[in-house]
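Enquirer: Residues per chain, in single letters:
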Amino acid sequence: MVHMNMNSKLGVGIGLRAPHVAEVLATRPAISWLEVHAENYMGEGAPLVALERLRADYPLSVHGVGLSLGSAEALDNRHLSRLQRLITRLQPALVSEHLSWSMAGGVYLNHLLPLPYTEETLAIVAQHVTHTQEVLQCRLLIENPSSYLRFAHSVIPEPEFLGELVQRTGCGLLCDVNNIYVSCCNLGGDPVAYLEALPVRAVGEIHLAGHAVNDADGQMILIDDHGAPVSDAVWTLYDHALARFGPVPTLIEWDTNIPELALLCAEAHTAERFFQRAEEAGYAGVA
Amino acid sequence: MPALHELQSAFLRAMFGPDEPELLETIVGDGLLPAARLQIYRHHVLTSLTDVLQATFPVVCRLVDERFFRYAADAYIRQYPPEAPCLFEYGAHFPAFLVAFPPCRHLEYLADVARLEWALHRASHAEVRTRPLDPAELGGLAPHQVAQLTFQFDPSVILLDSPWPIDQIWRVHQADEEVYAPVDLNEGGVSLEIRRWDDDVGFRRLDSAMYTFRSTLAAGHTLARAASAALAASQEFDCGAALHELLTDGVVIGFTF
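As you go down the protein sequences, you meet chains A and B in turn. In the working numbering, each number is its position in the first sequence, counted from 1, plus 65. In the working numbering, each number is its position in the second sequence, counted from 1, plus 75.
None of these hints come from the bench; they were simulated from the model. Each residue gets a CB set at the ideal place from its N, CA and C atoms; glycine is no exception. The reader is advised that the hints may include incorrect statements.
What the hints assert, rightly or not - Each pair of labels, with its calculated beta carbon distance range: (1) B:Pro178 x A:Glu261: 52 to 58 angstroms; (2) B:Pro177 x A:Gly283: 39 to 45 angstroms; (3) A:Arg93 x B:Glu97: 52 to 58 angstroms; (4) A:Gln202 x B:Glu164: 24 to 30 angstroms; (5) B:Asp126 x A:Ala258: 32 to 38 angstroms.
All chains should be modelled from the sequences, with the hints used to inform the complete structure.
Expert: As structure tokens, then:
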């Protein structure tokens, strides 16, 4: 089993991206933990060797983006075995994936695509999460997606769908606060009410990132591009999340227009101030 | 209400093709056209994969300019969409695609430059083997055993030849190259060995006999066969020296006889 009780030691981490690896290796910045995208390290080549050098100094989180837990077709077993090998090798503190799909008909669409929230989808995702947890021998944290559309036949609100998934599979949740904000702005909805609808004790990690504000035919659309500082509205929502879930391990993600490492670390230190306030307030997660 | 499998098949078709009315009917507008919402996903799928190709083939991109590259990449993605989520493995068919892509058929060297970039990319992701072969392990072999030796190469090693000076073309089109030096396309072809040295990936030219020797061995043939192929390429070939170099420069990591 991967030991999830290391979580209590995790504060605010950063998503480690290729342009920063050499600098992190050389300077070992004061960051609580590092998260990597699983798919970038499945080649067992130089990137994985570099990551193994960092393992001694930083707890790791392995964040999958390609497992496609929401695909109607069977999971890609080759991909799942590669994920299993990676997790055995890295022994991460946290392992997470998404409530989304990206594989159909043997084609990988490089995106976290939206699902209709129906009983059929719930049964499929629950089966895939259960199978994955059995193969990986660890508890998965499932992340809420950022969405640009919803389906007319979706009948279950997203936070309730996630809550039901937790009930059926014993998985945990990765609460992406920016995704909640982006989806609620794009599709209508109250981000605070969304947070209130998530099962408190299931949340094992929080993600924070920036988004872009685009105009589509006169209507504002937020694009979850992880290409900017965290917005003020998302910081406020993060404060709500900490009040509700307690000081849960938090990650800053930055994937496009990747800044200097120092700026990324400064964002993490901003998050730490919120995080420490939550610790001092003794928020333990309200049931 | 479509079953999930049907919905995902329709969504897949829409990512690489036109909007289908049945799919659009399943999408709530919320103040926008359903087609505009679908387009956000299509745009991301295509541009993110184009970015992946551009990062893997930066010199090809500089040779044809970025606009044309993204046009060619878009056509490639539709013809060869990724089949698995590890995108460091995506782009294997791009050199062959360029050979057949009508708008750049006149750039005969382009596909070979793409092959070089793909080889460098593969070498950087190849499995890291930390222990090269110790030549002393071969000390006790009888001559007939030596002739039958085959070698296991480091996974990063790739041997590549071209009728064009692709190494020169690659060098003068690096992003940090300040002075643009024209390459004489008539200067002839090259035989290259691409591999990882410590944390870096690079390449060097081999003469034709050495290239024949190493590529014959890399294909799994015996030392005797590789030596005679190399001698056929050049009478000057010194098999003893070539074997010594092979065993000491870290290219091979194992042997059988």
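Enquirer: Would you mind marking each hint as holding or not holding in the structure?
Expert: Hint check results:
1. B:Pro178 x A:Glu261: 52 to 58 angstroms: Once the Cβ atoms are compared, 56 angstroms apart, the range 52 to 58 angstroms for Glu261 (chain A) and Pro178 (chain B) holds.
2. B:Pro177 x A:Gly283: 39 to 45 angstroms: holds (40 angstroms)
3. A:Arg93 x B:Glu97: 52 to 58 angstroms: holds (54 angstroms)
4. A:Gln202 x B:Glu164: 24 to 30 angstroms: Because 26 angstroms falls inside the window, the suggested range holds.
5. B:Asp126 x A:Ala258: 32 to 38 angstroms: With a Cβ separation near 36 angstroms, Asp126 (chain B) and Ala258 (chain A) satisfy 32 to 38 angstroms, so the hint holds.
The structure meets every hint from the earlier list without exception.
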